Amino acid sequence: MKQELYDLADKAIKIAKAAGADDCRVSINGERFVEISYRDRRPEGIKEATSRGLQVEIFVNKRYSVQATSDLRPQALKSFIEKAVASTRLLEEDPLRTLPDPKYYQGRQNIDLKQFDPNYKKLTPEDRHSFVRAIEDSCLAKGGDKVISVTASGYDSYSEQVLMASNGFDGYVEYTAFYGAAEMTARDEGDRRPAEYNVAIAMIRKDLPRPEDIGAEAAARTLSLLGARKIKTETLPIIIENRVAGQVAGGLLQAMVGRNIQQKQSFLADKKGQKTGSEKLTLVDDPFIPGGLGSRTFDGEGLAAKKMVMIEGGVLREFYVDWYYGRKLGWEPTTGSPSNLVIPPGKRSVKEIMKDLGRGIFVTGFIGGNSNSTTGDFSIGIIGQLFEKGEIVHPVSEMNIADNHLKFWPRLVEAANDPYPYSQVRLPSLVFDSVVVSGI
Amino acid sequence: MKNMSRRSFIKTGATAIAGTFAASSFLPKGWPALADEKTGGYFEKEFGITDELCRKVLSEALSKGGDFADLFFEHTITNFLILEDGKVNRASCEVALGVGIRTVKGDQVGYGFTQDLSEKAMLAAASTAATIASASGQKPAAKFAPLKTKNYYPVTTLLSSVPLESKLPLVQSLNEKCFSLSPLVRKVMVVFHDQERRILVVTSDGVKAEDLQPRSYLSSSVVAEKNGRWERSGWNFGGRREFSYYTPALVEELAQRSVDRALVLFEAIQPPAGEMPVVLGPGVTGVLLHEAIGHGMEADFNRKKISTYCTMLGKKVAEPFVTIIDDGTVPYLTGSINFDDEGTPTQKTVLVDKGILTSYLHDRISARSYGVKSTGSGRRQSYQHYPIPRMRNTYMLAGEASPEDVIKAAGNGIYVQDVANGQVKIGEGDFAFYVSQGRLIENGKLGAPIKDVNIMGNGPKMLANIIMVAKDFEFAQGGGGTCGKGGQGVPVGFGQPTCLVKSLTVGGVRG
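Residue numbers (this note's numbering), protein chains in the order written: chain A, 398 to 837; chain B, 76 to 586.
Because the hints were derived from the structure by calculation, they are not lab data.
Do not take every clue at face value.
Straight line, CA to CA, 27 Å or less: simulated DSSO-like cross-link-like pairs of lysine-lysine [as the list claims (entries may be wrong)]:
no.: 1; chain 1: B; residue 1: 214; chain 2: A; residue 2: 669
no.: 2; chain 1: B; residue 1: 131; chain 2: B; residue 2: 262
no.: 3; chain 1: A; residue 1: 669; chain 2: B; residue 2: 301
no.: 4; chain 1: A; residue 1: 661; chain 2: B; residue 2: 162
no.: 5; chain 1: B; residue 1: 214; chain 2: B; residue 2: 225
no.: 6; chain 1: A; residue 1: 399; chain 2: B; residue 2: 195
no.: 7; chain 1: A; residue 1: 752; chain 2: A; residue 2: 627
no.: 8; chain 1: A; residue 1: 414; chain 2: B; residue 2: 162
no.: 9; chain 1: B; residue 1: 536; chain 2: B; residue 2: 391
no.: 10; chain 1: A; residue 1: 543; chain 2: A; residue 2: 519
no.: 11; chain 1: B; residue 1: 214; chain 2: B; residue 2: 262
no.: 12; chain 1: B; residue 1: 120; chain 2: B; residue 2: 223
no.: 13; chain 1: B; residue 1: 520; chain 2: A; residue 2: 725
no.: 14; chain 1: B; residue 1: 218; chain 2: B; residue 2: 162
no.: 15; chain 1: A; residue 1: 519; chain 2: B; residue 2: 262
no.: 16; chain 1: B; residue 1: 546; chain 2: A; residue 2: 668
no.: 17; chain 1: B; residue 1: 262; chain 2: B; residue 2: 120
no.: 18; chain 1: A; residue 1: 459; chain 2: A; residue 2: 629
no.: 19; chain 1: B; residue 1: 214; chain 2: B; residue 2: 448
no.: 20; chain 1: B; residue 1: 483; chain 2: B; residue 2: 520
no.: 21; chain 1: A; residue 1: 519; chain 2: B; residue 2: 139
no.: 22; chain 1: A; residue 1: 459; chain 2: B; residue 2: 536
no.: 23; chain 1: B; residue 1: 536; chain 2: A; residue 2: 627
no.: 24; chain 1: A; residue 1: 629; chain 2: B; residue 2: 536
no.: 25; chain 1: B; residue 1: 391; chain 2: A; residue 2: 475
no.: 26; chain 1: A; residue 1: 627; chain 2: B; residue 2: 380
no.: 27; chain 1: B; residue 1: 577; chain 2: A; residue 2: 627
no.: 28; chain 1: B; residue 1: 195; chain 2: A; residue 2: 408
no.: 29; chain 1: A; residue 1: 629; chain 2: B; residue 2: 131
no.: 30; chain 1: A; residue 1: 672; chain 2: B; residue 2: 214
no.: 31; chain 1: A; residue 1: 399; chain 2: A; residue 2: 500
no.: 32; chain 1: B; residue 1: 195; chain 2: A; residue 2: 518
no.: 33; chain 1: A; residue 1: 677; chain 2: A; residue 2: 752
no.: 34; chain 1: A; residue 1: 543; chain 2: B; residue 2: 536
no.: 35; chain 1: A; residue 1: 475; chain 2: B; residue 2: 195
no.: 36; chain 1: A; residue 1: 500; chain 2: A; residue 2: 414
no.: 37; chain 1: B; residue 1: 483; chain 2: B; residue 2: 577
no.: 38; chain 1: A; residue 1: 725; chain 2: B; residue 2: 223
no.: 39; chain 1: A; residue 1: 543; chain 2: B; residue 2: 560
no.: 40; chain 1: B; residue 1: 301; chain 2: A; residue 2: 725
It should be emphasised that the depicted structure is a prediction, and the values quoted were computed from it without experimental measurement.
Bound conformation, chain B alone (with noise of 0.2 Å):
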């Protein structure tokens, strides 16, 4: 795959008939293979970007000063295979091939993009980026150094390299197996989407870094029928992940996570309104963590003063036992990268230390203004966008109770296995997120199951109100999480042990 050119790439990635798949093993957690192994030199020899004409266009980014500039290159391939009414009947593709250049004066910001990568529409996306400063001009690095950065998604064989003829199976067998499973199932659609973004940053201060992020996930949802009520519901397995993951073990768990989910609604209640002791399940709850603190910690918001922890860091945010982190670095993690779409190499950040604010989450910008080194958090959509602080995947470490024990201690509330739909205000820190998934509880046992209820809550508050944590954590291993900020969405992942919040206000009953 190494020396594929750029037209088999499309071909393999719009059509992906050709090409050969071999089932591949991972490699063991830990292990990361370096990086440049599969990625190196490809916007070279596929569109003749040479650090000649990089330094070129930089030096037009820089041509009215500013501080510094970079390039993002990006040659990105989506792919959805959608089955419906039992047909793998859909099918969409979309290339997206561009370069955004960014000129960057204090916390002033320039930008330009095209799709065109040719000397002349780059030097014109250049000027346009150069205009935020005004004073004579700057000479970027003589010389860029390539970046080496360990690789946390190793891919052996490329997703754009996978037949048709492989995924469709695949699908297909998922829609089978959700429909052996339950005479009540009565629709299923199945969605498998894979992605390769290949991006390459070149920045004025010599650094120069190119990566292949894989991304991909498969995805059931359910529509059931009982006594004449429907409910529907779904699951998804994925992350930077490549083909070989899809295991046939792994649709059968998928299958059954899918329909046991759409078929217990038929037995669900809403809960009681109003405030509540709430128990956050192991997993894809960690969404909670990434309302209630991760983006109050992105730089961008503290530093302009308007995040409701713009004032505490250093101090005692939560209880001894609480630590959090965002974290780049877990193999295989919707969330991970190698290095941020800045150049900056990714990093594992404290964002609580045992109760203790750490650290915020930063780009070069913030970085630069807080006199910090970047955290490595500067990601953008794509080329179309300047990097922003972002979160990558953010969890909370395991504690020392038992899950059971943390579902006793709350005596009578609500436990939340699955959330949607997370929101915050970051200058008051209020946040929502909806439950599509939970338990009553009762006496500190597990009731009744509920559904469709949203939680409020204020995220300091929660922080300090989480009283007690499990031992059993949990990565939510799902592809398809995606954050919004700013226009911009970016792939995100979550973890997340069970715990018990003292109090969130709870929209129950319906009026």
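Looking at chain A on its own, in the form it has when it is part of the complex (with noise of 0.2 Å):
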């Protein structure tokens, strides 16, 4: 099909150009995809579909719309591009917005990321299902008789996308994505029925844990949180673990990118050079990990992609700049994206550190909350264990923090050894010292 979405692109600028725009950029992506999930040992979804997009950035007298279709008749995406084009001319003129210069498609790397599993095709209808009742089964197994309800599903998907710029740039992916999840819903005391999920997601089928461990995991994790409360407010030491640190660390990223610096809503906008975290901080962004869920080599503007140390031992020393705001802001573009972010992993476990921090509290999960980008404040709930010497105490719920980037950055004391292979962010889970955790 590669070459039929080649065409497509192709025709898609021709149209564009003939309608009289200066330049264009057609994205197209093509999905395939399967989705199970069973409850009470049947299924109960199953869905599947096969669809397309056709995305086209119009470039006419200095201006730019951005429009997206899935009629992809061929009149119709004639006529839609014909108007796109013609519709663009109304907006307001803004020199700035170009392709980007040619030179920034130089470099590309040329390696396998190892994203596409060439046993895709050779999945079954009952290789899928035998994959979600396992999964099922494993859940309800290790849940027991606190078991109330249990969902369990699986996904696979194969894309193929094209980028082409009328400028000279055009580039092919071609992926597959596998999940599997399972969640559970357990008894508690009175009317609460605390729920988990697990789910794990890989680009290359084998890469995914046993389907068993998938569920088991998602049991074992709503299990944990029988018995829940909160306890007084305290200041503490908290490990925020692997799979959910991503989500304070979104907080440093949105004030990283560039259309945030250049419209004033960044806290880290004259940053750059100083220190912003402990040196415990190191933060890359690698788009080069095989198998890695953000992996590529070139990005959504056609940008090579680079290997960059966005943090280095707490010091500030890159952003996410763009083509269009690099130009807004005077700055060389880099990437407008974060691919797959990296903190590299310390040498002890959560377990090992758990022991030497006295009392504190393990972070799974949060809830709510927001991160403001133009001032650094935080405050989200959290979910997770009080724990004391090493020994889980009980769960807590209901509780907060609330803190400012700018200091709390600077309070990471560790990064344990247990990096999250099943998200583009990659992180270990985090060690923070004197947080203070709202509850009674």
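Given two chains presented individually in distinct reference frames, assemble the corresponding complex, making use of the accompanying hints.
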């Protein structure tokens, strides 16, 4: 289908140019997916479809718009693009809106990122169903008589994308994606029914954990929440579990994006070269991890991907700057969006760290909350486990942490040895000192 | 507009250069017109979707048995017009066209969708959906009866027929107004969003329902600088509104609110942390109801016994002055629908009647499992999703007290004016929402402004803890409210009178 997508992209560019566009960039996606969920040991939902979409960015008379459609019938598409060009002309002029200088397309790595599973096409309906059944069985078994409800699900997809720009860029990616998940709700005291889930995502099917482990872990995570209660407001060390650490790091990332910097909505705008975290904070954007969920050789604008050290030993080194906001800021573009995020793992496990910390909270989930990219203030609900001297005391709920990123990250004291592989945010569990955890 | 061809529809939707714009007045509340005035026969006219074709596809969807099947056709055009740094320099348009085909067997669902509305592609998607069942084939109804409903968002001028030349000055005027209000304003971003969603639901038991759901909002985001400190805030107005809603007076009010909200943040402090009385101001704080009770009342969660409310039907959950409603019939409000995405007419569903839990929110599957009628709550994000029970506009009825007395009764606590990012854990009932704007309450009086605070509570506990309700009910007039569940976002609305919650956990002071 690769050639078909290329032909369509080519055609879209020709239509746009013929309609008077100075330049344009076209992106076309094709996807086939199957999603199955089980409950009560029978299928609850089966969903399957093939879809396509086309997006075209139009540059005409120093004006810009982006238009997308799923109606790809030749006549409808031609009409859609022609009208798109005409309407773009009516916007206000912005000379900085152009395609990137083609020199930034150069230097694209020619490597196999291992994002396409060659065994995908051999997958049978029975493979899919037995995978999900195994997840459900293990979750039910591990959950035992505490189970109120278990839903298990599995998903696989095959996708292709073509990105083509009229000033000499074309790129193609073909990838597969798989996930297995389970969610369990358990019986607790009174009307409380704690629920927790576990999901693992990978681009190669064999990189997923065994389905038995996916289900059992969902059950274990749910059972760990039984008997949750809040404690008195207290200043404690906290460990943020690897899989949710990205939510806090996201508050930093927002402030590192070119648009927010240019629009004065970044508390990091003037902090380049300065300490923004402890020396334990090194944050790397690595697009070349084999099988990585965010791996790529070019970004959405066609800029060649590079590995970047965003924060090094606490010192802010780089921003996410796309072509347009780079021009507005007068800065070199890097890339407009993160690929895979890595914080180098430490040497000790969460268990070992807990032993040393005395009393603290192991945060396994967040609820509600927000992070203000302009000021760096954040406040968020936490779910987790109170521990003392390495032992879990009881789960906690209805509690909050509130801080400011510029004061919070300097208190990062350790990274654990457990980078999370099933996300493009591949962070280890992170340990912070002296955090006010508010409760009663 | 009635006879607009598909082509001109796309043309005006994508480019908004054709068509004429005529200012129109609102129909008075309580006098909705019939829904099919502007919508009847759209999919047949534009895409050749005849009853016969629907019957064929539904037959395929039921070819392996199944209790019922439905088709959900959708043609949606979504536009954004964006002003940044003084210029309307970015626009986007998205056209979504497709059909979702569902086969239901008990509580099991088979689903396929296609963007290609040809008979061949639809039959293939239907045969995918059919696989959920494994028995002998069923036949759909011989005839489809067009559903007639009231229209809660009558449109006199299609948003897609409003030319860009009319939208540009609106966006520019809001930008200018914001800058004119304070020398501290440094950056303004203005967004005008409009959407026309045309849907056609055809069910195997003979319902055929067609609708045009408009949606729009105008928003401004303001960044201000004072003594080297920066703050940002904003506001939006909208709903199932047409273009004539966006008057100069509305632009003025929107600018004033956006700027005021940004400037007050320079004075804002962190409240103390811990449990304390919380007063919810009128309007958008209804998000609290949405999280604390609304989601827990969605019947799929209760059918599966995974909601904290699943054993509470008929029981007292709140004081007798607390009545909570989920309502699709509020004229022009964001969450209003004429019928749901399964073809069931909408309604006003009382969730809590004078303190007693009275009804869940049902779609067809849960209604059948409970042996009740659907409450018209089966909604979906798009043709790519199957429907599940969802909220519409959720609100609490007004009480008797004056807002001042409610604040006075709180003693010391916080007053919540605007909230964002609500979330709930259905099973525990624990919820959180983020206070983007509020005030301290000290000795029964409003004190210093506060900001950026997360609040947590437990749904059933919170309901029981509503100890005072004021008479100042307001619907939130924002158009941007979107609720996420199961990976699907749908537009929702909120309303609330000032009320006092005896105690919630406030995540205040920074470490």
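Going through the earlier hints one by one, which of them does the structure break, listed in rising order? 1, 2, 5, 10, 11, 13, 14, 15, 16, 17, 18, 22, 25, 29, 30, 38
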